[in-house]
Structures are given as C-alpha cells and as structure tokens.
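As given, the protein sequences belong to chains Z and H, one line each in that order. Every letter in the first sequence is one number past the one before it in this note's numbering, and letter 92, counting from 1, is 168. Every letter in the second sequence is one number past the one before it in this note's numbering, and letter 136, counting from 1, is 212.
Be aware that a few hints might be false.
Note that identical chains are pooled: a pair holds if it fits in a single copy or bridges any two copies.
Pairs of lysine to aspartate or glutamate, EDC-like flavour, derived with a Cα cap of 20 Å [said to hold, decoys possible]:
hint	residue 1	residue 2
1	Lys-162	Glu-173
2	Lys-127	Glu-109
3	Lys-127	Glu-137
4	Lys-170	Glu-97
5	Lys-162	Asp-119
6	Lys-91	Glu-137
7	Lys-127	Glu-138
8	Lys-162	Glu-192
9	Lys-127	Asp-204
10	Lys-91	Asp-119
11	Lys-127	Glu-97
12	Lys-149	Glu-109
Honestly, the hints are just simulated from the structure, not real lab data.
Number of protein chains: 2
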Amino acid sequence: MNIGQAATTSGVAAKMIRYYESIGLIQAPVRTEAGYRVYSSDDIHALRFIKRARTLGFSIEEARELLALWRDKSRASADVKAFAMKHVRDLEMKIAELQAMSQTLRHLAQTCHGDERPDCPILADLADPAVALDTAVKKKAPRKERHDAECTCDDAKSSASVQH
Amino acid sequence: MNIGQAATTSGVAAKMIRYYESIGLIQAPVRTEAGYRVYSSDDIHALRFIKRARTLGFSIEEARELLALWRDKSRASADVKAFAMKHVRDLEMKIAELQAMSQTLRHLAQTCHGDERPDCPILADLADPAVALDTAVKKKAPRKERHDAECTCDDAKSSASVQH
DNA sequence: TATGCTCCTTCCCATAATGGTAAGGTCAAG
DNA sequence: CTTGACCTTACCATTATGGGAAGGAGCATA
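All chains should be modelled from the sequences, with the hints used to inform the complete structure.
See the structure below:
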C-alpha cells in the first residue's frame, strides 16, 4: 500500500505520515526499489490509533506514550486510566479558561448598545478593565439580579494565560 | 521609561514588546542617543490594551483590529459588538470541541477497571473506536439510563479537528 | 578609574502540528 | 513514447512566545 492509499484509509495526511516517521512516532516502512513507502495493515492500524488519539486532543507526545501502552501487553489498565484522566483534567482546565473569556465578553457585549454610536463598554474594558467594570456596574446597578455575572467577570480578569 | 519598566507596568514581556513593534502592532517608540527605547504613558496604555485583548483570547491580528476600532473615534459600537460576538462564537465552538473530547474520555475511563489488569477500553477505543464502543455499549446494556452519554460519545467521534 | 552588576541592543534558534510548493523521479494507461 | 497521477526530498510559512549569545550602556562602589 502506497502512502496515498495509507493516507486515505487511515485519515492521516500523507505529509503527516512522513512527519510522524521523521520524529519516530511510527516506524519507517519498507520501501520499493524505487523508494516508495509500502504500508502494512498493522501500519494503518497504528496510524488510525494516532489519528483517534489526536481527535481526542492528545498531543503527539502523548500519542507516543499511548502507543507504548497499547503495545505493552502487560500494562495495568490503571496506568492508562490515570493517563486519560490527567488529559481530561487538562481539557477541563482549558475549557474553564475559555468559558471565563466567553462569559466576560458576553457580559461586556450585553452592556454595549450595538448601534451607530461610538460609545462602547467593550473597548472601554480593553482600554482599562477597572474603569470599564465600574461603568458597567453603575449602569446595571438598578437591576441587582445579574450580580453573579459580574463576579464571573471579575474572576475572568484574574485568571488569564491563554494561547501559549 | 525603558523597555524593562514598560514591561513591568504593562504586563507585557520586553521580548514581546519588541516583537509587537517588529510586526507593526505598536509604533516604534523614540530612542535615546544610545539606542534605548523610551515609552510614553500612551504607549503603556496601548500595551495594556493589547494585553487585555490577548487575555480575552483575541489573536494578535484581532488585537490589531480592536486597536484600530479603539482609535477610530467615529466607529459604531455595533461594529465592536459584532466583532466581540464573533469571537464569543469562536470561543464557544472551541469549548464545545473540548467538551466533546472530555466527555468521550470520561465515558471511556468510567468503563475502565483501573486496576492491575491490562484489559482497557480506553486503548481499545483508540485502536478501534467502533469495536470499543460496541464493547462499552454491551457492558452498559443492562443499565439503560446512561444512553445519552453514549450519543454524546458518538458526536465526539464525528466532530474532531483540533490543535491546528 | 577600574570593576562589576544590571539593563539594553540585535540576531539566531526552538517550540507544535500542519500546509504549501518546487524540482525531480516513477508508474500505468493510452 | 507521452501524459497524468503519484511518489520522493527539501525548504519555507504559520502563531506567539521563550531562550540565549555577544556586545554596548548606565550606574554604583571599591
């Protein structure tokens, strides 16, 4: 099976298959006399495994560890589970960060007229979060029931650290 | 104000300040005779603006557009709001992707013994999602009430596209 | 004044994972 | 034998940030 076929049947781009080989994630396959890579069904299986791991948000290095666990027939399922749950916690931390951003922005957008006037609490927040928040709180003061949202907004500001 | 001071008071690393200058995100500041960059309080303000935008998950190019809107005193707040809401939708799409991953993995981990035995549905799913899901469904068949979770799991498989 | 410490400068390299492109070789069918 | 689809390697780009080297500048103290 040529690399193009392997790519189609595994769902991993040919470019990526070569890359995975170059970093030692998969073994170099046998070659034809002309130098064409030839993949076995075991190779395809490994590629599908990697593809699925990537789809579940594992990094390539994590996929490497999962492959090692997969091949180690004597691994304890506890090790795999711990590895997976560590990843779940990573995912949930990222989710929480994104939710904080989203909520802060939604809140700011709510207080924005969204008409032809230039005055905009979103830009005001970017220019000076403390002042903008004060303004928003004052505007919303008559209605107390959304106070929770404002607290969420505060939390979002003290968290941060994104897109590293 | 030297770049070190500017970094400290704006929260943007000196390295990043130089980088932002190099890509034209901020204007090149005046220099001392010795070539040291000297920043004004307006510069610091812009840096804080960028920092805040980044904290809210905007890319550098998006921060550039926000800066332009900020400086355009005649912009309509509707434009800013639309821009912010577009970003909120982006964030929420990413959140949904991560949640699908997290839920699928949590579900798989739930069906994993997590003891010293090697048998592990998590690795089974990675090796062959269809078979692993069948196995999990069979194991859970006696208890019907968690069927929703399995559907979510299915969705996770058809979504994908992560870490670009 | 000489030494030393901290800060500044530019330049280059590295990261993670993928896409693109170019120049050239191969295979199979017409 | 030509053509088109496929393969090969090699290099460059992306996003945002960090690290480090080599050398100059500023300031304080012995």
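Do the hints match the structure? See the list:
1. Lys-162 <-> Glu-173: both (17 Å within a copy, 18 Å between copies)
2. Lys-127 <-> Glu-109: For Lys-127 and Glu-109, the Cα distance exceeds 20 Å both inside one copy (29 Å) and across copies (56 Å).
3. Lys-127 <-> Glu-137: within (13 Å within a copy, 30 Å between copies)
4. Lys-170 <-> Glu-97: neither (30 Å within a copy, 29 Å between copies)
5. Lys-162 <-> Asp-119: neither (28 Å within a copy, 41 Å between copies)
6. Lys-91 <-> Glu-137: Close inside one copy (18 Å), not across copies (28 Å); limit 20 Å.
7. Lys-127 <-> Glu-138: within (12 Å within a copy, 31 Å between copies)
8. Lys-162 <-> Glu-192: Between copies only: 18 Å across chains, 48 Å inside a chain, cut-off 20 Å.
9. Lys-127 <-> Asp-204: between (44 Å within a copy, 11 Å between copies)
10. Lys-91 <-> Asp-119: within (15 Å within a copy, 44 Å between copies)
11. Lys-127 <-> Glu-97: So Lys-127 and Glu-97 pass the 20 Å test inside one copy only (14 Å; across, 39 Å).
12. Lys-149 <-> Glu-109: neither (35 Å within a copy, 68 Å between copies)
Violated hints, in rising order: 2, 4, 5, 12; the structure is consistent with all others.
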